[in-house]
Amino acid sequence: MKIVTWNINGIKARIGNLMVWLKDSQPDIVCLQEIKSVDDQFPRAEIEALGYNVETHGQKGFNGVAILSKYPFDEVNRGLPGENGDEQARFIEGVFSTERGVLRVVSLYLPNGNPIGTEKFSYKLTWMARLEQWAVERLKLEEPLVLAGDYNVIPEPIDARNPAVWVNDALFQPESRQAFRRLCNLGFTEAVRSVTDAPDTYTFWDYQAGAWQKNNGIRIDFLLLSPEAANRFSSAAIEKHVRAWEKPSDHVPVAVELALTAA
Numbered sequence: 001m002k003i004v005t006w007n008i009n010g011i012k013a014r015i016g017n018l019m020v021w022l023k024d025s026q027p028d029i030v031c032l033q034e035i036k037s038v039d040d041q042f043p044r045a046e047i048e049a050l051g052y053n054v055e056t057h058g059q060k061g062f063n064g065v066a067i068l069s070k071y072p073f074d075e076v077n078r079g080l081p082g083e084n085g086d087e088q089a090r091f092i093e094g095v096f097s098t099e100r101g102v103l104r105v106v107s108l109y110l111p112n113g114n115p116i117g118t119e120k121f122s123y124k125l126t127w128m129a130r131l132e133q134w135a136v137e138r139l140k141l142e143e144p145l146v147l148a149g150d151y152n153v154i155p156e157p158i159d160a161r162n163p164a165v166w167v168n169d170a171l172f173q174p175e176s177r178q179a180f181r182r183l184c185n186l187g188f189t190e191a192v193r194s195v196t197d198a199p200d201t202y203t204f205w206d207y208q209a210g211a212w213q214k215n216n217g218i219r220i221d222f223l224l225l226s227p228e229a230a231n232r233f234s235s236a237a238i239e240k241h242v243r244a245w246e247k248p249s250d251h252v253p254v255a256v257e258l259a260l261t262a263a
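Each residue of the sequence shown is one higher than the last, beginning at 1 in full-length UniProt numbering.
Keep in mind that the hints were calculated from the coordinates and are not lab data. Even glycine gets a Cβ: it sits at the ideal position worked out from N, Cα and C. You may find that some hints are simply not true.
What the hints assert, rightly or not - Derived DSS-like pairs: lysine-lysine, alpha-carbon spacing no greater than 30 Å straight-line: (1) Lys70 to Lys23; (2) Lys70 to Lys2; (3) Lys70 to Lys60; (4) Lys23 to Lys60; (5) Lys60 to Lys247.
To be verified - Label pairs and their computed distance ranges (CB to CB): (6) Glu142 to Ala262: 17 to 23 Å; (7) Thr118 to Gln208: 18 to 24 Å; (8) Thr261 to Leu141: 19 to 25 Å; (9) Asn185 to Glu246: 38 to 44 Å.
Throw the hints in and build the complete structure from the sequences for me.
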């Protein structure tokens, strides 16, 4: 089973690329972030025509997450618990049946948090604390769980081509990195780093200053696997060639293969 996370940076602007990629990459489950679309305007018909079930948690103009799946959804949960007044669409959970029981997959878009020293950074840290508490409860179920998404965190200096550029950015603050580490230390395996510790391994290249051409990237998109998912791990890869397409997202798909079969 191939599960992929991709910050699409606007579904309407990127639908052509998405359709080509779906046919080429053949993922089973896709977690999209920054769809920038309300639910009823999401181009589901085109995607459903390729055999995918579509569930969204949209928001007009920004944010928004979705899950596309070749398998039927048993359950869908929208919104990260812990703050009833939070209207930002950043979290959707899908539940699927496999031959080994339940699989849970989350598409999440963690807040950027810039500029630091403002309520935006406080919101980022609060959101991460809510995610950690949610994960603690879900891990008690002892089921395969994949937390897939754009985390807006650069975990280590190796995850940026020029770490010094990011020292005053919310993505690289000690508090952000510590919160990410606490989440991982609950027992999650970070898929890509489980197969490579190579430098110059990135998932995002800015549109400015020729970042893609210079490979001036950062790694902020992750698939975190619960112990039960990690036990079924087969491979992980970054499909960076997509960044060279016309009208690309500034992020690229990140994939994991699990030895699971739908029921």
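Hint-by-hint comparison with the structure:
Between Lys70 and Lys23, the direct Cα distance comes to roughly 13 Å. Compliance with the 30 Å bound is thereby established for this hinted pair. Only pairs whose Cα atoms come within 30 Å are accepted, and Lys70 paired with Lys2 is accepted, the gap being roughly 10 Å. Distance hint between Lys70 and Lys60 is fulfilled; the C-alpha atoms sit about 26 Å from each other, no more than 30 Å. Restraint check for Lys23 and Lys60: satisfied, since their Cα atoms lie roughly 28 Å apart, inside the 30 Å limit.
Of the supplied pair hints, the one linking Lys60 and Lys247 holds, its CA atoms being roughly 21 Å apart against a limit of 30 Å. Look at Glu142 against Ala262: about 20 Å separates their beta carbons, and that is inside 17 to 23 Å. Remark: the range hint 18 to 24 Å for Thr118 to Gln208 is upheld by a beta-carbon distance near 22 Å. The beta-carbon spacing between Thr261 and Leu141, approximately 20 Å, falls within the hinted interval of 19 to 25 Å.
The hinted range of 38 to 44 Å is satisfied by Asn185 and Glu246, whose Cβ atoms lie roughly 41 Å apart.
When each numbered hint is compared with the structure, no violation occurs for any of them.
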